[in-house]
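> Listed here are the chains, written in short residue letters.
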Amino acid sequence: MKKVALFATCLTDTLFPATARATVRLLERLGCTVDFPLDQTCCGQVHFNTGYRAHAVDLAERFASVFAGQDAVVVPSGSCAGMVRHVQPDLGTVPPPTYELSEFLVDVLGVTDVGAYFPHRVTFHPTCHSLRMLGAGDKPLALLREVRGLELVELPQAEQCCGFGGTFAVKNADTSTAMLADKMRCVLDTGAEVLTAGDNSCLMHIGGGLSRLRTGVRPVHLAEILASTEEEPWAPETR
Amino acid sequence: MGTRNPVTWLGSPAFPEAARTALADTQLRRNLRNATTTIRGRRRDAVGELPDWEQLRRAGEAIKDDVLHHLDRYLEQLEEAVTARGGVVHWARDAAEANEIVLRLCGDAREVVKVKSMATQEIGLNEALAEAGVHAVETDLAELIVQLGDDRPSHILVPAIHRNRSEIREIFRAAGLDPASDEPRVLAEAARAHLRRKFLSCEVAISGANFAVAGTGSVVVLESEGNGRMCLTLPRKLITVMGLEKVVPTWQDLEVFLQLLPRSSTAERMNPYTSVWTGVTPGDGPEEFHLVLLDNGRTATLADPVGRQALRCIRCSACLNVCPVYERTGGQSYGSVYPGPIGAILTPQLVDDPHDKQAASLPYASSLCGACFEVCPVRIDIPSVLTHLRAQAVEAKGRSAESVAMAAAAWVFASASRYEKAQKLGSLARLFARDGRISWLPGPGAAWTSSRDAPVPAREPFREWWRKNRG
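Protein chains in written order, with the working numbering: chain A, 15 to 253; chain B, 24 to 494.
By construction, these hints were calculated from the structure, which means they are not laboratory data.
Glycine residues also receive a C-beta, built at the ideal position from the N, C-alpha and C atoms.
Don't take each hint at face value.
[As the list claims (entries may be wrong)] Chain B is nowhere near these chain A residues, computed Cβ spacing over 12 Å in every case: (1) Asp104; (2) Arg135; (3) Gly205; (4) Pro233.
[To be verified] Covered, in the sense of this in silico footprint (three residues per stretch, anywhere, with C-beta under 8 Å from a C-beta of chain B), are these stretches of chain A: (5) 19 to 29; (6) 72 to 80; (7) 173 to 179.
[To be verified] Listed next, with one range per pair, are the computed distances between beta-carbon atoms: (8) Gly124(A) with Pro465(B): 45 to 55 Å; (9) Arg159(A) with Ser440(B): 38 to 48 Å; (10) Pro465(B) with Glu75(A): 28 to 38 Å.
Input sequences plus hints: build the corresponding full structure.
In structure tokens form, the structure reads like this:
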């Protein structure tokens, strides 16, 4: 029985709670005991990346105290996990061992078949920080390949950034949109009905574009696909 | 400070504005996508052939860091060695000093030939020479296209990357070169005929340097066309302008970079034309050799322990070629001879003026995707330097609408109860929702909804669910 603490991230807690619920369900199904320290808020990534270092230091210190003593912190976000693991130590704090969800499943629990069922045509976007900062490689793909009913289609130019980049999306909205346009073209070329990724921030960006153009492609976080089973299949949330 | 550093072009708008104009240029978008996609793939293949690529990168990083750490010692060594072999070394603190030295050395010459060089672009040498009545002829094909088109460079290695062959034919035609078609071979032939006359008539050549070996005083230029070698061997006098950081200790160190640079820049296994000269050799090549060592903001950059790694750069352009921002906006949007990710960290440091709005906008011209760091042959952690420079820009700017919003957000995140109240307040955004999507938001949110729907806040944040079901 593995004990883990969930860091939901402020974005997912507030805007995409289905992802956090799915993460809990999935980890419990795999035999973990999940804790969610209610004092958690934000890792400070937006502040750090935009140049507000002093605030980022405060939030990093806060994170370290909220999660102090945890054996493993699991995050359904590559960029927030990257912030905790690769940036926070440079800000002078000592965060507990922190894993992006797919890393935790594959490296720590040692599973790729999580017993999931998701009968849809899916394409996967490897988000930049999972890919380059964490080096999560094809762990998410290894997990997706074992999902029953799932038809996985390769995304062309998958490793190109979607153009989100936090405040980049609004500070350089035109360039961000041009990058988004190319990413959407690649997504649409796959004929997938579902776009998945390990980061709700990037999915919010690509999904926001796909929704604006009424493309009929739905963004679904990796955790929600992996949590879906034949007994309790994934269903879209009504808002 | 004194005079402004010509590394940025006077009057260039801040990046977001310049990018908006560039993004609307359909021809530019197509040219850049084709060019960068091709070179990206070729670089990946060329690098993939070497099993020790990572070790080479680490060696390159270590050599450059050692050079930067002992720059004074290596530069003195270099000066001594160049002088001993009959060369003359000059020191230039900034662009104005360097231009003055070069102009003086040009003497009576009214026309000089030039080897493609970033250092001379950086100091605006051609413009300074022109003001004094000296015409500098660019002999690198791409640089010639830029010069004849009265254009600006858009790439470190391929300054005319934003032009396709039909545009080049038009530029040549307008300049009187008259190519018979837009076939690359025909275009090159027209340039060749034009340049041959210059090589044979000019008495003075000006070059940059990729490397200089401190121990022997040997200066190295890498190029692909052979035009550089014409300049380096035919004229009577050779003037080389070199950034201080280009020195390497020994020939053995050079070996590392002669592997890293070609594969990273042109995706070649071996560089086609590598010219090396040591001082002057009677009866062989130029009779006079001058080496101008250029600071122009480099020692100031060296003082920053995070930012100084930008000085490791060997100008390969691999970061430009993989950058998704560069691919779409092109090089001129950066308003400097150094565009792309390396430009976004090098230019503001060379400018060294935190109140220069254009330069301060450059570190934000990145989504921090990290593709640049992944390919950099000397392992410059560009994303880390970008966030470091953003912090400097924020500090220099002082209080702004953004800084107030960031402070407010930090205050909210500092307490779980304030955060939960903010979540409740934020759920009011549900009022903007139509048919399960938010297509318009007021204020700063409008920059998001200009092209993207915003998510409708959930009825119940995750923590509410947790309290009810697990708490």
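> For every hint, state whether the structure bears it out.
So, going through the hints one by one against the coordinates:
Interface exclusion of Asp104(A) from chain B breaks down, the closest Cβ pair being 8 Å apart, not more than 12 Å. In this structure Arg135(A) is separated from chain B by more than 12 Å, as the shortest Cβ-Cβ distance comes to about 22 Å. Once the 12 Å rule is applied to beta carbons, Gly205(A) is consistent with being away from chain B; the minimum gap is 22 Å. Consistency note on Pro233(A): stated as away from chain B, yet its beta-carbon is not over 12 Å from all of that chain's, at 9 Å minimum.
Counting residues of the region 19 to 29 of chain A whose CB lies closer than 8 Å to any CB of chain B gives 6, so the stated coverage by that chain holds, three being the minimum. Only when three residues or more bring their CB closer than 8 Å to a CB of chain B does the claim for the region 72 to 80 of chain A stand; here the count is 3, and the claim holds. For the region 173 to 179 of chain A, the stated coverage by chain B is satisfied: 6 residues place a CB nearer than 8 Å to a CB of that chain, which reaches the threshold of 3. A hinted range of 45 to 55 Å for the beta carbons of Gly124(A) and Pro465(B) is consistent with their spacing of about 49 Å.
Between Arg159(A) and Ser440(B) the CB atoms are about 43 Å apart, so this pair conforms to the stated range of 38 to 48 Å. For Pro465(B) paired with Glu75(A), a C-beta distance near 34 Å keeps the hint of 28 to 38 Å intact.
This entry does not satisfy hints 1, 4, going by the numbered hints stated previously.
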